[in-house]
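Start from the sequences, fold in the hints, and give me the full structure.
Chains Z and B are the protein sequences, given in the same order. Each residue of the first sequence is one higher than the one before, counting from 1 in the working numbering. Each residue of the second sequence is one higher than the one before, counting from 1 in the working numbering.
Nothing false has been slipped in among the hints.
In silico DSS-like pairs for lysine-lysine, Cα to Cα no more than 25 Å straight-line:
id, chain 1, residue 1, chain 2, residue 2
1, Z, Lys-25, Z, Lys-146
2, B, Lys-242, B, Lys-205
3, B, Lys-229, B, Lys-214
4, B, Lys-14, Z, Lys-25
5, Z, Lys-24, B, Lys-14
6, B, Lys-135, Z, Lys-462
7, B, Lys-14, Z, Lys-255
8, B, Lys-229, B, Lys-242
9, B, Lys-214, B, Lys-179
10, Z, Lys-462, B, Lys-242
11, Z, Lys-255, Z, Lys-320
12, B, Lys-214, B, Lys-242
13, B, Lys-184, B, Lys-214
14, B, Lys-116, B, Lys-135
15, B, Lys-211, B, Lys-242
Calculated from the structure, these hints are not laboratory results. It should be emphasised that the depicted structure is a prediction, and the values quoted were computed from it without experimental measurement.
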Amino acid sequence: MNKTVNPNELTSDDDYGPLYAARKKVYPQSISGTFRRIKWGLMAFCLGVYYLLPFVRWNRGLGAPSQAVLIDLPNSRFYFFFIELWPQEVYYFTGLLIVAAVALFLMNSVGGRIWCGYLCPQTVWTDLFYAVERLVEGDRRERMKKDKSSGPMRLERISEIVLKHSIWLLIAWWTGGAWVLYFNDAPTLVKELVTFQGPMIAYVWIGILTATTYVLAGFMREQVCTYMCPWPRIQAALTDEWALNVTYRYDRGEKRTSVKKAIELRAYGEHAGDCVDCYQCVAVCPTGIDIRNGPQLECIQCGLCIDACDNVMTKIGRPKRLIGYDNDINIQRRQEGKAPVYRIVRARTVAYSAIIAAVGGIMIYTLATRSLLDVNVLHDRNPVAVRLSDGSVRNAYTVRLLNKSGYDRVIAIDANGPANLTTHVVGIDSVTPDRPMIVIPRDSTSELRLLVTAPAESNPEKSVPVRFHVTDIGLGEVATATDNFVSP
Amino acid sequence: MTDHHGEFDSVTGKSTTGHEWDGIKELNTPLPRWWVISFYLTIVWAIGYWIVYPAWPLISGNTRGVMGYSSRADVAVELANLEKIRGDKMVALGAASLADIEKDPALLALARAKGKTVFGDNCAPCHGSGGAGAKGYPNLNDDDWLWGGTLDQIMQTIQFGARSGHAKAHEGQMLAFGKDGVLKGDEIVTVANYVRSLSGLPTRKDYDAAKGEKIFVDNCVACHGDGGKGNQEMGAPNLTDKIWLYGSDEATLIETIGNGRAGVMPAWEGRLDPATIKAMAVYVHSLGGGK
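Shown next as structure tokens:
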């Protein structure tokens, strides 16, 4: 937001503008309209989900957490309603991140910075903090006046400021408080926190999140979007001539003139711009820019200037949407007298949708077909094989059994490879010596050392595959793993 | 880069910084002041580091910092703590009997972990890092034991060694029947073939089995026992099985019988503390061949 420099005013080196700019405080004016209503609705939804989700219960049976969404770090488990993920399944999060990133691209190529304008936490909380500010200190003009007034502060003003910051801190504290509830049983933790029995780390995180919310939404605000967030820069590379962006329709708006003059001009059959230079779009802008200067880095495309301009247009009896979701192609087409075209299905949007569908499909498929019983086998490497005194050959394997279900399992291990293999689990005397049977407790892993011996007559000459079948005795579920059986 | 005179850019309505690289000029986009202030604050913060932590190199040593912090001291403290934790556990290990260690999962895990580390430091040069052995150095994973494979026997072997010079060491060795003139060359060949036949290995077509048996009975059964089944009291290997410490081919057997064998296992008592030796015995026993 650099001031335009008139070249004639440049006299010395120092006149080429400052290298550091003081921040211009933004005082967004309250506004009502379609987009404001959408924003209120989405804010209520997003905050509602964030604050209340930890309290949603989900019955997983006795002994298992009953919280619908829970990140259980001490036990390395992630619960999401009917899904329970283990650390080794972290690729689901990778998939989720891919889907999220491409969804952001897709939003962008359809309707610009929808994320920034309506859904981003920075926008949602800043919007909420502005609402508090307005409620306590008044609307744009009053706030500007109060900030400008010099001299000693009156008690009324001081109490206003204290009240505003108190409400902000309360919201910020609640934000941090909700954050920690995702990591522990929410009702229990709330009880512990209010009785000061909670774990230290919970208080520390509440403190951190309170501080970030208070500072980012109360003070940093649009500076986060303009200077700290990389997305505006990436967004500039993702948009194209078809993407709908919040746009000032300069073809309709220019040349700016007054209401009276415009009526006169139109009476003579001359063109007059619809923009009456009322600066309402600037007054409501939460980033303090003038949308009429064209697409800008700072614009988060929240649509509030559309509401502001629509209100003015309605009042002066001109058609709405002088500012609206539009693109370069249609501005050009209108100037050429052609009807606007909107093309949502394009190579770009199809490609993004295809990626989302493919990644999402793979995730759903793997999630639906994933086994709750699993086995991993690791062959001993040193030594790979041992010859025993009777000429038989023994290979040792580290076997890791995973029982992801909510019940204990009795499983049997079979090794199939060279003829007449015998298997023995170190440290466990199975009642069935030739087919070791063991119990794996629910929701846990067991690591065993398995000794597999091939008698002298069936010693393989070289390495041959050996398959391990792990069978749940009760349910018949089978998990298999393949490794090699080697001779010394 | 040319001079530092900025100029007006009519397209953007901004001034340039006056910097120019290959004709590309840089617009002056001022940094936000809070950013600049934050930047200077990080520098101030860094100066704080100089004062609090060791920072500047001096001729000998460096500035110490007011907190007297040193990462080396941190390591020393952590190592001391580790030793303390280990100390308590190793005392428990030293107090338990070998059989009890194998029955207690916690002690067994500790013994195996400790044993594995100590094995790597002390035993691996001869027996290999996995205990797989080499020619002349027994494989500790198999079920063939020269001096016995029970926990107590393994412990004893580790403590005192074999032919190690320790008073309680395992003694007894393979005599040099050829070098000492007890057997003649052709007799050695004959008995070597007889020994091969004991474990089902092919023999020379022209060798005299009866003569071989006679030589064996006269010279070998004293240690290797009737039928060559071996004797763990004397460390005499079983000659009927499939495991050969030095090799089962005729040439190697002739060398063994002719020159004798007397591999040395050092005594570890005195070099390692009793609890550690116990841990090692448990570890070796758990490799898969323990009796």
